[in-house]
Every structure is written in structure tokens, then in C-alpha cells.
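Chemist: The residues making up each chain are set out below.
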Amino acid sequence: MTNPIVVGIGDCKISRDPDSVLVTYALGSCIAIMIHDPLVQVGGLLHLMLPDSGTNRDKAQEKPFMFADTGIPLLFQGAYAKGANRSRLAVSIAGGAQMMDEAGVFNIGKRNYLAVRKILWKAGVLVQAEDVGGVNSRTVHFDIASGKVSLRGAGTPSHELVAAKAGADRRN
Amino acid sequence: MNASELSNVLLLSASEVLEGMFYTSPLGDAPEDAPAGDISVALSFQGQPPGTFGLCTSPETGRKLAASFLGLDEESVTDEKNEEVLCELANMLCGSALSRIESNSIFALSQPKKEPAGSDRAAQPSVSRTFELEEGFLTTWIATENTP
Amino acid sequence: MTFNILIVDDSPVMRSIVRRMLESVHAHGFNCQEAENGQAALDFARSARVDLILTDINMPVMDGEELLRNLETDESLQAIPVIVVSTDKTEGRVQQMMKIGARGYVRKPFMPETLRNEIQRVLGVMR
Numbered sequence: 025m026t027n028p029i030v031v032g033i034g035d036c037k038i039s040r041d042p043d044s045v046l047v048t049y050a051l052g053s054c055i056a057i058m059i060h061d062p063l064v065q066v067g068g069l070l071h072l073m074l075p076d077s078g079t080n081r082d083k084a085q086e087k088p089f090m091f092a093d094t095g096i097p098l099l100f101q102g103a104y105a106k107g108a109n110r111s112r113l114a115v116s117i118a119g120g121a122q123m124m125d126e127a128g129v130f131n132i133g134k135r136n137y138l139a140v141r142k143i144l145w146k147a148g149v150l151v152q153a154e155d156v157g158g159v160n161s162r163t164v165h166f167d168i169a170s171g172k173v174s175l176r177g178a179g180t181p182s183h184e185l186v187a188a189k190a191g192a193d194r195r196n
Numbered sequence: 291m292n293a294s295e296l297s298n299v300l301l302l303s304a305s306e307v308l309e310g311m312f313y314t315s316p317l318g319d320a321p322e323d324a325p326a327g328d329i330s331v332a333l334s335f336q337g338q339p340p341g342t343f344g345l346c347t348s349p350e351t352g353r354k355l356a357a358s359f360l361g362l363d364e365e366s367v368t369d370e371k372n373e374e375v376l377c378e379l380a381n382m383l384c385g386s387a388l389s390r391i392e393s394n395s396i397f398a399l400s401q402p403k404k405e406p407a408g409s410d411r412a413a414q415p416s417v418s419r420t421f422e423l424e425e426g427f428l429t430t431w432i433a434t435e436n437t438p
Numbered sequence: 004m005t006f007n008i009l010i011v012d013d014s015p016v017m018r019s020i021v022r023r024m025l026e027s028v029h030a031h032g033f034n035c036q037e038a039e040n041g042q043a044a045l046d047f048a049r050s051a052r053v054d055l056i057l058t059d060i061n062m063p064v065m066d067g068e069e070l071l072r073n074l075e076t077d078e079s080l081q082a083i084p085v086i087v088v089s090t091d092k093t094e095g096r097v098q099q100m101m102k103i104g105a106r107g108y109v110r111k112p113f114m115p116e117t118l119r120n121e122i123q124r125v126l127g128v129m130r
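Residue numbers (the working numbering), protein chains in the order written: chain A, 25 to 196; chain B, 291 to 438; chain C, 4 to 130.
No lab work stands behind these hints: they were computed from the structure.
On a predicted model such as this, the values are computed, not experimentally measured, just so you know.
Positions of the beta carbon are idealized from the N, C-alpha and C atoms, including for glycine.
Here are some, though not all, of the chain A residues that point toward chain C, as calculated from beta-carbon distances under 10 Å: (1) Leu144; (2) Trp145; (3) Ala147; (4) Gly148; (5) Val149; (6) Leu150; (7) Gln152; (8) Ala153; (9) Glu154.
SDA-like cross-link-like pairs, simulated, lysine to any residue; straight-line CA separation at most 20 Å: (10) C:Lys92 - B:Glu392; (11) A:Lys146 - C:Arg23; (12) B:Lys403 - C:Asn40; (13) A:Lys146 - C:Glu26; (14) C:Lys92 - C:Asp66; (15) B:Lys403 - C:Pro15; (16) A:Lys146 - B:Leu360; (17) B:Lys404 - C:Asp13; (18) A:Lys146 - B:Glu424; (19) A:Lys134 - A:Thr94; (20) A:Lys106 - A:Pro62; (21) A:Lys142 - C:Arg23; (22) C:Lys92 - C:Glu116.
All chains, full assembly: derive it from the sequences and hints.
Modeler: Right under this line is the structure:
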């Protein structure tokens with residue numbers, strides 16, 4: 025039995041339950057960052073909305089997962105606290121689309137993506153796979169046992185962003 | 291290539307290089323009264339066509355860009371590193387621009403050098419463009435031997 | 004397995020960026036050495052084991068093109084794979100460098116993952 029754990033907008037969940045699947049719906053300009061340690065089967069998913077908390081410190085105190093700069097360190101710390109090891113982590117990114125309702129303003133999806141990239145580079149973290157940009161919304165399913173990440177776009181069939189680690193995905 | 295095409299090349303190369311390794315993007319053209327930067331870096335290129343390429347920005351903007359590029363805090367960026375990063379930025383912008391101007395030619399680029407303050411390149415006609423970034427303003431310019 | 008990688012670039016910041024990128028790849032040990040031009044690279048490669056060379060093209064003293072030609076004609080060095088890392092992205096240049104022996108080509112600007120993937124492809128190692 026799989027146990028779906030839904031990650032809301034501006035939220036983050038860390039799991040070490042190998043029967044769980046982290047799910048986040050309808051990423052538009054938002055970005056989801058998935059990190060996974062295959063050895064201890066710990067995974068975390070952060071669904072962030074904005075690049076920088078600098079303009080909104082109070083909000084960042086209350087909801088740090090809304091912002092890339094406050095959310096990403098907490099995502100990694102959360103996974104380390106559950107036993108993940110930095111050198112084994114596989115990191116993937118999805119989202120950052122340019123949504124229709126943002127016509128006329130600077131593309132927030134791209135800004136989110138650049139902010140994420142900048143933070144990861146500063147931390148010396150390389151990305152295993154990414155599916156970003158474009159104009160479509162994406163839904164993410166992240167299997168904690170195998171590390172497999174599947175994406176589903178609006179009106180398109182699901183595809184694999186990160187393959188399951190050999191032997192670990194019992195649902196295939 | 292006419293002036294408006296070259297101007298577009300400057301935008302495309304700035305977007306490519308800034309997004310690729312500096313984690314920022316041109317927000318648009320700077321307003322007319324944007325302050326001119328006081329660090330200038332330039333290089334020349336040989337090939338078809340030959341010419342010169344350069345950039346200009348403020349030390350503060352340069353420092354922010356250098357910090358992003360190097361993955362460091364701004365405080366850790368020395369003046370020397372700042373200058374080296376701006377030289378590398380000019381090198382990449384020029385390479386990106388030239389591949390859009392003439393993709394089959396082979397170009398030899400000189401080492402980018404910081405230009406002395408107040409150096410006058412007005413003797414040569416060039417196409418220039420100033421971009422507004424989150425970090426401040428960045429001007430890039432290109433002069434080819436057949437610049438109109 | 005540890006790979007000895009020689010980073011050849013006249014720009015110290017570019018060398019430090021490439022070094023930092025390689026140090027972020029945990030899957031393999033990459034032991035990085037640096038040289039500031041083609042001549043320094045040749046001297047180093049003749050004195051120590053080098054498994055891969057990453058070289059810029061435009062450099063003083065000896066450029067990347069001449070470095071490649073020198074490596075190709077030196078029996079003890081011709082087996083070392085070379086990846087060109089350059090701002091020069093014109094098709095003419097890429098073809099020229101591949102023709103004289105480059106095994107890979109990474110165009111600046113590049114993301115750390117692009118460099119990692121090209122290195123893994125050329126060295127024949129996977130994550």
C-alpha cells in the first residue's frame with residue numbers, strides 16, 4: 025500500500041517511510057525541489073513560490089517554505105535530521121513555468137529557477153535532473169523507496185524525471 | 291548585420307550568459323538616466339568580422355555578479371576577483387555574441403583588460419545597450435569593422 | 004577510483020569555478036590540478052599522471068589549439084583525453100578542435116551538470 029503525502033504550496037515534507045509517495049499538485053511558476061538518499065530511503069520535497077524573502081521578512085518567519093532562500097536550507101536540514109547524507113543525495117527540480125496570468129510582469133517562474141540555481145551553486149550542490157520553464161503546469165509524484173520522480177503536465181502523459189534506483193521500486 | 295540586429299545580439303548574449311552562470315537576467319533596458327558604470331573591460335577579436343567588445347558597470351554591481359558567479363558572499367569578493375570575473379564575463383558575452391553574428395567563422399579573442407577610467411572609445415562607432423538587472427546596470431557594446 | 008584532472012585556463016576565476024564544480028561531484032574522486040596555459044599544461048603532464056585535460060582555447064604563451072597538437076604528437080601523452088571548455092562556440096571552431104583530437108567540447112556559459120556529464124561521458128564512467 026502506498027501512502028500519499030500531499031505537499032501544499034509553500035510547504036515542505038520530509039519522509040523516511042518507504043511506503044510513502046510525496047505528491048505536489050499544479051506547479052505553475054512555483055518550483056518543487058526533490059532530494060533523496062537512496063541508502064536510507066529518506067526523501068524531501070519543497071514546493072516554493074517566490075525567490076527571495078528579503079521583501080517580506082514577517083511572512084518568511086511564518087512560512088519559510090514559501091521562499092527559495094529560506095526554504096531550501098530547511099529542506100536539506102530536514103533530510104539530514106532523518107539520516108540522509110549529503111554525499112548520497114540526488115537532487116531534482118521541476119516547475120518554474122511562465123504562467124499566462126503573469127503577462128507583462130517579469131517572469132516569476134524564471135526568477136524562481138535562477139534563485140534556486142544560485143542557492144544550490146553556493147552550497148556546492150549539483151542537480152541530477154530538471155524539468156523547468158515552458159508554459160505548462162506540472163504535478164510531481166516522488167516515491168520515497170526508490171527515489172523515482174514522475175511528472176504529469178496538464179493534458180500530457182506522465183513521464184519520469186528521475187528513474188527508480190535499481191531494485192528499490194517495488195511498484196514497477 | 292545592421293545596428294538593430296547587433297543590438298538584439300547584445301540582448302540575447304546578455305540573457306544567455308547572465309542566466310547561465312550568474313543566476314540573473316536582464317529585466318529590460320535601463321532608463322535613459324541610468325548612472326554610467328565606472329569599471330570598463332574591453333577585448334578585441336580577429337576574424338570575419340574583426341572588432342572590439344566591451345562592458346561597463348559599477349563596482350557594486352560587479353561585486354554582486356562576481357559573488358553569484360563564484361558562489362560566494364559579496365564580502366568575500368576582493369577587488370582583484372571582481373575585476374577577473376568582469377573580464378571573464380566580457381569574454382563569455384563576446385563569445386556568445388560572435389557565435390550569433392557569424393557561426394562558421396573562427397575568431398581569436400584577445401585577453402579582456404580593464405580600461406583606464408575615462409578612456410575614450412567614441413572614436414569608433416559602436417552599438418551599445420544598457421540593461422537593468424536586479425543587481426544594478428550593465429552596459430555592453432560591440433564595434434565591428436563594418437558597424438554601420 | 005580517483006581521476007587526476009588538469010584544468011588549463013589563463014583566468015584564475017575560471018579555474019576556481021571549474022575546480023569547485025568538480026569538487027561538487029561526490030560520485031567520483033576528482034583530483035584537480037591547474038595550469039595557466041598550454042605550455043604549463045604540457046610540462047605538468049610530462050611529470051605527473053593526468054587522466055583528463057580540460058582546456059580553454061585563447062591563452063597566452065601556448066593556446067589550447069597548440070596544446071592539442073603537441074599532445075597528439077607526443078606518444079606518452081596522446082592517450083590523455085581532452086575536453087575543450089571555451090567561450091568560442093562557433094561551429095567552425097568546434098569542428099576544428101574535434102578534428103585535431105579533442106574528445107569533447109563544453110561551451111561557456113555552462114551549468115555544472117553539463118561539465119560533469121561531458122567528463123563522465125569522456126571518461127566512460129557513470130554516476
